[in-house]
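These protein sequences, in sequence, are chains A and B. If you read the first sequence in my numbering, its first letter stands for residue 5, the second for the next number, and so on. If you read the second sequence in my numbering, its first letter stands for residue 5, the second for the next number, and so on.
Among the clues, some could well be false.
Since the list can't tell identical chains apart, any single copy or any two copies may satisfy a pair.
[What the hints assert, rightly or not] Lysine to any residue pairs mimicking SDA-like chemistry, simulated, CA-CA at most 20 angstroms apart:
hint, residue 1, residue 2
1, K321, R217
2, K499, G402
3, K430, G314
4, K430, L64
Quick caveat, the hints were computed from the structure, so don't treat them as lab data.
There are 2 protein chains.
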Amino acid sequence: MLERALAAPHVSREAYAAREPAVRVGLINAQFDLRTSDAPVLLLLAGDDRIGVTEAVQLLHEWLDARHLDTHIFDQPTPEEREHPDYWRYWNALPARGRIGIFVGGWPIDVIGARAAERLETPGFERALQQAREFERTLAAEGTLLLKFWVHTEAAERARRLERARREPGRNWRVEPEDWSLHEIFSRLEDDVRHLLSVTDEPWAPWHVLDGRDDRTRDLALVETILTVLRERLDTGRPMQVPAPPLSLLPPRPQRLASVDLKPARQGVDYGARLDAAQARLAELSRRAREVGQATVLVFEGWDAAGKGGSIRRITKALSVRDYRVVPIAAPDESERAHHWLWRYWRQLPRAGTMLILDRSWYGRVLVERVEGYADTAAWHRAYAEIRAFEMQLVERGHVLLKFWLHIDPAEQLARFQARESTPYKKYKITDDDYRNRARWDDYVTAAEEMFARTDIPQAPWHIVAMNDKKAGRINILESICAALAARLYDQGVKT
Amino acid sequence: MLERALAAPHVSREAYAAREPAVRVGLINAQFDLRTSDAPVLLLLAGDDRIGVTEAVQLLHEWLDARHLDTHIFDQPTPEEREHPDYWRYWNALPARGRIGIFVGGWPIDVIGARAAERLETPGFERALQQAREFERTLAAEGTLLLKFWVHTEAAERARRLERARREPGRNWRVEPEDWSLHEIFSRLEDDVRHLLSVTDEPWAPWHVLDGRDDRTRDLALVETILTVLRERLDTGRPMQVPAPPLSLLPPRPQRLASVDLKPARQGVDYGARLDAAQARLAELSRRAREVGQATVLVFEGWDAAGKGGSIRRITKALSVRDYRVVPIAAPDESERAHHWLWRYWRQLPRAGTMLILDRSWYGRVLVERVEGYADTAAWHRAYAEIRAFEMQLVERGHVLLKFWLHIDPAEQLARFQARESTPYKKYKITDDDYRNRARWDDYVTAAEEMFARTDIPQAPWHIVAMNDKKAGRINILESICAALAARLYDQGVKT
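So here's chain A without its partners, still in its complex pose (with noise of 0.2 angstroms):
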């Protein structure tokens, strides 16, 4: 792939100055259509030539609308991006629907520079390359239109760079003393890139290598390689297919709710000497995690009115509240429905050291979206992988990870309704929505069934609670949340 885009012919001054008009004037009336468009576009410029990198985003500056234009550059991570899964610091940047995106580095540089610093041998580079692909693939079946540029210039040349602005310094002023140790490192590597450029070149992310010698062949194929490839998006409305992973055979008939005791828990139990001393407990191994930066996820799913909110509640009293967020989850808002689904889950993880509790999750795309159909069949479908993918990512981080299904049955949760409607301050929490889904309560189950089964791994199993007896039910979970907030600091050598 490098060998090949250095074969083409150089583009001369008249044919760069006969070409330039019509792909500039090209360039601003796409950038303006693909405004009121549903394309996020992502333009991922890296490369070996630095410099080349750097003159390439600063044409499409200059050529596009800096106003619907979001420029990103990846550099070493910073201290709060280090608290996070790898990916985080790209979700958060994500352009949205209608706007360019440029970023600069990026994943396959992080990729690169791992492997340079001897931080990934053979097993930890292809994950890497792996995730990445995830990620590619992620982005482009929500719709992203995502173009790689990397700049190459072979290495003899960027030695005879770099030897002539050692000698005229003060004519050669775009060098910086880093650019030595990345001519080394991409010297070294250069099998790595290879490696990496061919693996993740994908239809739906492709890579075009670009010729850092010259100037004029560099930029111009730049500009026309975007040009084209948002024209044709933006004309035939059509975003690049992407096929869906296949999905795994389930277990025939997988009933784990069905086989949940609801009966009361047996007489006779302290509940309150209980409650009392899983929350002090929580509260110590709260002020470890605090101590050591651990963090912690958990998600709360389950039938409405199955106890969410009374159980965060226990939870939270036994928390400082800087140590923690709870963040319940509704209908996406507008900026959130211009972004990938799964947006605006990665903006909430949790800071080092602080637990996040979500009321309700990203499961919702493969419960209530998928049983009232506001996702479509591919879309869901693609979920599980994608929520594999992701969980993977936090887990991976070392976060905690726990998924609570409360679960209770239909005749429980009819006096729930009925008791709720008759205290003033909880009436606003019960719709008729609430009415109309319990008539879909078969169809939840078969969507929960298909979840556990499809999502339930390793590092994170989901944890089915039996609510009937809300008081049983939430010490249930205070001691979950401990057991594996313990275990994880125990791993970590820390004396709880």
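Here the structure of chain A is known, so what remains is to put chain B in place on it, guided by the hints.
Chain B only, in chain A's frame:
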């Protein structure tokens, strides 16, 4: 103020039970009505009783609808927060219209904390209080409903609580080790706290002291105060009146623009060589700035077609893309309109070591918004003081701030409009608006002259640049930036 709050009798269990339902329903309803109003609500909770503050916040989380609530806990500033002026984190976190923000801790605690760490002698303490007043005033003047609560428990009672927790650690797990040092600080600085509460207590930003000795008394005072004030604002629809700060007298008929020499510079200057030299110097300085974390803000204002874009490109050509961001300022979008008018500028401020280049800026408030009537007279009058306070925060934080007015005469502007219209990719830059603005030339001169006179602070004076001769103007700009940056780096002992 502290004693007064403790003088009231405590609320009995019966009285609490009787008053709870009404205030709880009232709060939920008020929050619902708020969503369609134009008021952002900011509740600040702080105090010498940390556990009391925590419990008060948790009560609000329980009683209000969390989907329309933005809680921010302000602890020690993060590394990123330290790169910015002190109030950056508060500006970033401001609630939008229709939402309730809960700030825990916040600027009053920062001031007390700095005082406790002996980083603030009396003049610094008074300056910090003045900044707090300025911040609260500008929020309220733009319509924020601001309520501040101080949870107070006297030192003797705090000491008794800590002793109890030491004796019975299993039962008093809410007490943390840091509570001992907080107790010590608040006991030692009680006079400073009294002074702070008293000088920052204004009708538009009142303090309410809550009695931390009794949960029911504290909670009921909190929610009843919020409900009363919120209900009144919703029912009258009128924000609190904030008296305008007096405008100082202007010198008679300032005429800085009329005295600019717009004749072309003398012949025989080698522009190419001077441009090269200035860019090489800027490249070098920006690398030093990156190394030492020096941030820079460049503001470009001036007539349409005066050459802002071309000047900015000559600057960015000398920089690495990771070291700068160019932000063009146009009409505010929906989310920007839902916030204080300065909010969108605060969000753009540069990280340590980088340069923010603004193509138009906050000065739009006293230029286009004044001339076209988008801001009412009181708003743009107030803006001079708001801008000075904002810029003082930048320069006090150590940022380099340069403000350029690019000046041409009407004949030159007309010639440039006509030239643009015959260049295909520049055509989109010319609209009917541009011709309309020309008709108001004299109004813009009046506005610009008043702006120069009122915002020309010593640390960041206006640079008025003659741009009829573009090449000379650009070199003037580049050399001014180099001079200012070099001087600032020199002050820090950096060799350049």
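- Task: First find the shortest C-alpha distance between K499 and G402 inside one copy, then the shortest across copies, and answer within, between, both or neither for a cut-off of 20 angstroms.
- Result: within (17 angstroms within a copy, 43 angstroms between copies)
- Alpha-carbon proximity between K430 and G314, which holds within one copy, between copies, both or neither at 20 angstroms: within (12 angstroms within a copy, 60 angstroms between copies)
- Homomeric proximity label, K321 with R217: Cα distance no greater than 20 angstroms: Between copies, since 19 angstroms is at most 20 angstroms while 63 angstroms is not.
- Alpha-carbon proximity between K430 and L64, which holds within one copy, between copies, both or neither at 20 angstroms: between (54 angstroms within a copy, 15 angstroms between copies)
The structure agrees with every numbered hint stated previously.
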